[in-house]
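Novice: So the chains spell out like this:
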Amino acid sequence: MSGNTDKQSHAILDNLTLYYGPKRKFVAICAGTGCRAYGSLKVKDALEAELKKQNMADVDVLATGCLGFCEKGPMMIIHPDKYFYQSVKESDIPEIVEKTIGRGEAISRLLYRHPETKKTLFREEDLPFYKKQLRAVFGKNGMIDPSRIEDYFAIDGYQALAKVLAEMTPEQVISEVKKAGLRGRGGGGFPAAVKWEGVRKAAGEPKYVIANGDEGDPGAYMDRSLMEGNPHSVIEGMIIGAYAVGSNHGYIYVRNEYPLAVENLSKAIEAARANGLLGKNILGTDFSFDIQINKGAGAFVCGESSALFASIEGRAGEPRAKYVHAVDKGLYDKPTVLNNVETWANVPLIINKGADWFASIGTEGSKGTKIFSLVGKINNTGLVEVPMGTTLYEIIYDMGGGITGGRKFKAVQTGGPSGGCIPESLLDLPVDFDRLYEVGSMMGSGGMIVMDDTSCMVDVARYFLEFLKEESCGKCVPCREGVRRMSEILEDICAGRGREGDIELLETMSAAIADGSLCALGGSAPNPVLSTIRHFREEYEAHIRDHRCPAGVCKALISYNIDAEKCTGCGVCVKVCATKAITGELKKVHTIDNEKCTRCGACIQSCKFDAIYVK
Amino acid sequence: MTKPISIAAKTRQIVKKHGNAKGAVIAVLQDLQEAFNYLPKEALKTAAKAMDVPMSRIYEAATFYTAFSLEPRGKHVVKICKGTACHVRGAAILQDRFETTLGIKPGGTTKDGLFSLETVNCVGACALGPVVVINTEYHGQVTISKVDKIIKKINKEEGAQ
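Chains W and R, in that order, are what the protein sequence lines are.
If you read the first sequence in the numbering used here, its first letter stands for residue 159, the second for the next number, and so on.
If you read the second sequence in the numbering used here, its first letter stands for residue 2, the second for the next number, and so on.
Take the hints with a grain of salt, since some may be wrong.
[To be verified] Among the chain W residues that face chain R by a calculated CB cut under 7 Å, a handful are:
id, residue
1, Phe184
2, Ser245
3, Ser249
4, Glu415
5, Gly456
6, Asn752
7, Cys755
8, Cys758
[What the hints assert, rightly or not] Every beta carbon over 12 Å from chain R, so not counted as near; a handful from chain W, in silico:
id, residue
9, Gly190
10, Arg261
11, Ser266
12, Asp617
Treat the hints as calculated values from the structure; they're not laboratory data.
What you are looking at is a predicted structure, and each value in this text was computed from that prediction instead of being measured.
Each residue gets a CB set at the ideal place from its N, CA and C atoms; glycine is no exception.
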């Protein structure tokens, strides 16, 4: 390639060193969707105003993407000391500016306290939530304001692209990614380099490169946080991929529900164009590539490759038979590489740090790290990035801090509606693509929904089948009708109308649906049912035979009762009850009429004395 | 004040913005929905003509994707997240409360046109679960009493009973 590239990349580097010194004072405030809901933008405005007031306007304030520890938002990290402040309020700002930014003193009440040792912890890396993580991809969010490309330059952004264009042939890029062992982070875990190689060799022009940002698995939001927080890493990965396969056209397909991701990606694409990183003759070479954003419109099936292509083409998102491979005939029937957002974000890392480094992390079959969203009944909700092969126990207990309210762990659901529930006996399972598959679940995009003993496994299966019933595109009869029938059977079991033989019927139907569906939605639709039958069969039997919901969830099988010893007769429950099912005189024990009661839960939530219990 | 513009004229403007491209059906529908808060029949007909795409294709897309609505939606759109994380944290209880208080089911709009109720598969703010999004504002860790407060507040602001 031309010497131009070198010059450009050096110019970028020089710029950056000026921009970032090791002692630079700056504040990173999380402005991800979660922290915004906690009011982080107001905190940011207050901080900027206060800095001006105290004559410290030169301190840079970065509104970053998600920092991961969503439980403790809004959070901020104050550099260069890297103090980690949690649940920051506007009223804390004057003190933070004066003491911490001005004099380098930490404010004790804003620091994290270890829940067991009660020790105050100063820095992010000291917190148990972060300590065991390896945040190779996601950790950079804290150094970047996604609206400023300079921030990405400062952490060696686009250096991988410069290296690829100046020093590597497309074949070398593919072989490096192959050596790294990068597998797709979107669900299936297909080797990325195999797709790339297929498209490179495929006949047909133009070729397309697509990032799948249609993060549809409920309970997963790592792709959202990458698109929002570090959009350039996705873009850089795509440009490198495009160079490797010989494509000039790229698309990022983003879920309709992610407006901030669209906004930040759009800004990032503009900035990349302005800096000669997208468009014609990238970095002065003869390679040209540009990216367009397409918004989804609320259809889970569009995360499936062929449905996604149909959607970009402006049609209903119906998948087609898989014997035609996307690498040969994808978008507009042209050779197409489709990788998930997190997969693309890993690419610059592989080029910068080398395939050997990447392959040294993880297990034999699954290399690198994976970001998981740790949600549900867990103390430390948030996003964690760990080496493949980290055990479920480490993720849930060491990082996640265990179950909310000290309750008993029951299961962790992975892989979204295509995945399954994993019981306590398998908590030592090292998490990677293959091991999750072996226990009847799958990686999916990385959602981990933790459930305790108040979660009913039959209800969870019912929930997923209802989800899939709504989302089945309707093309394949076994999926359209079969999933609907399975959903009805589960509905019946939860309503106390279960019959002997239902479990076996569900199993038989599962096999037929998996066999008779074109795409992964139908093919894996039975998984939530099969995995819960496999690991929690006795719960199904309790519903069917004893008309009992052991977790106290299924409304038809439970009753609400008042504990006479705890009830003070305060009358709060009477006021919130929408069906007037609770009666009683003030200051006397109340009673619930279970005929009128709809088990809506309003009274339980409102009772301050824990006097209402489920039987 | 800008002059009010007809549905057809606004639609043609939007189609033009997308270069009259046939592949832009979904993007056009998204912009139409944003402009009118739903997809008026007239807009769909105009779009089909302007883009030279059969009405059946437009209608297929408009009914396939859940983000589109063929009926006018309420001034305030309540979206209840039904993601797994929200489900295990009691999203169904909140849905019950909205349904009984507003007297509508998901997909419905109150008679006064103030509220529409919708469910979303996952809004990707799982740490805040259960989540309810009102228009574009996210509400986290919602309880039944928060639901009551939200409805009351909007009703009060709108001067409704």
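Novice: Checking hints one by one. Is W/Glu415 an interface residue toward chain R, by the C-beta closer than 7 Å rule?
Specialist: holds, 5 Å
Novice: Identify whether the interface hint at W/Ser249 stands, where standing means a beta carbon of chain R within less than 7 Å of its own.
Specialist: violated, 20 Å
Novice: Given W/Cys758 was flagged as interface, is its beta-carbon under 7 Å from a beta-carbon of chain R?
Specialist: This interface hint holds because 5 Å falls under the 7 Å limit.
Novice: A cut-off of 12 Å on Cβ-Cβ distance, and W/Arg261 was said to be off the interface with chain R. Does that hold?
Specialist: holds, 33 Å
Novice: Mind checking the CB of W/Asn752 against every CB in chain R and telling me if the closest is under 7 Å?
Specialist: Violated: closest Cβ of chain R sits about 16 Å from W/Asn752, beyond 7 Å.
Novice: Should the interface hint for W/Cys755 be scored as holding, given a Cβ-Cβ cut-off of 7 Å against chain R?
Specialist: violated, 12 Å
Novice: Was the hint right that W/Ser245 lines chain R, CB cutoff 7 Å?
Specialist: Given a least distance of 13 Å, the restraint on W/Ser245 is violated.
Novice: Checking hints one by one. Is W/Phe184 an interface residue toward chain R, by the C-beta closer than 7 Å rule?
Specialist: violated, 25 Å
Novice: May I ask you to check that W/Gly190 keeps its beta-carbon over 12 Å from the closest beta-carbon of chain R?
Specialist: violated, 9 Å
Novice: May I ask you to check that W/Ser266 keeps its beta-carbon over 12 Å from the closest beta-carbon of chain R?
Specialist: holds, 25 Å
Novice: Does W/Asp617 really sit off the interface, with its C-beta more than 12 Å from all C-beta atoms of chain R?
Specialist: violated, 9 Å
Novice: Next item in the hint list is W/Gly456. Is there a CB on chain R closer than 7 Å to its CB?
Specialist: Nearest chain R Cβ about 4 Å off; hint holds.
Against the hints set out earlier in the document, violations occur for numbers 1, 2, 3, 6, 7, 9, 12.
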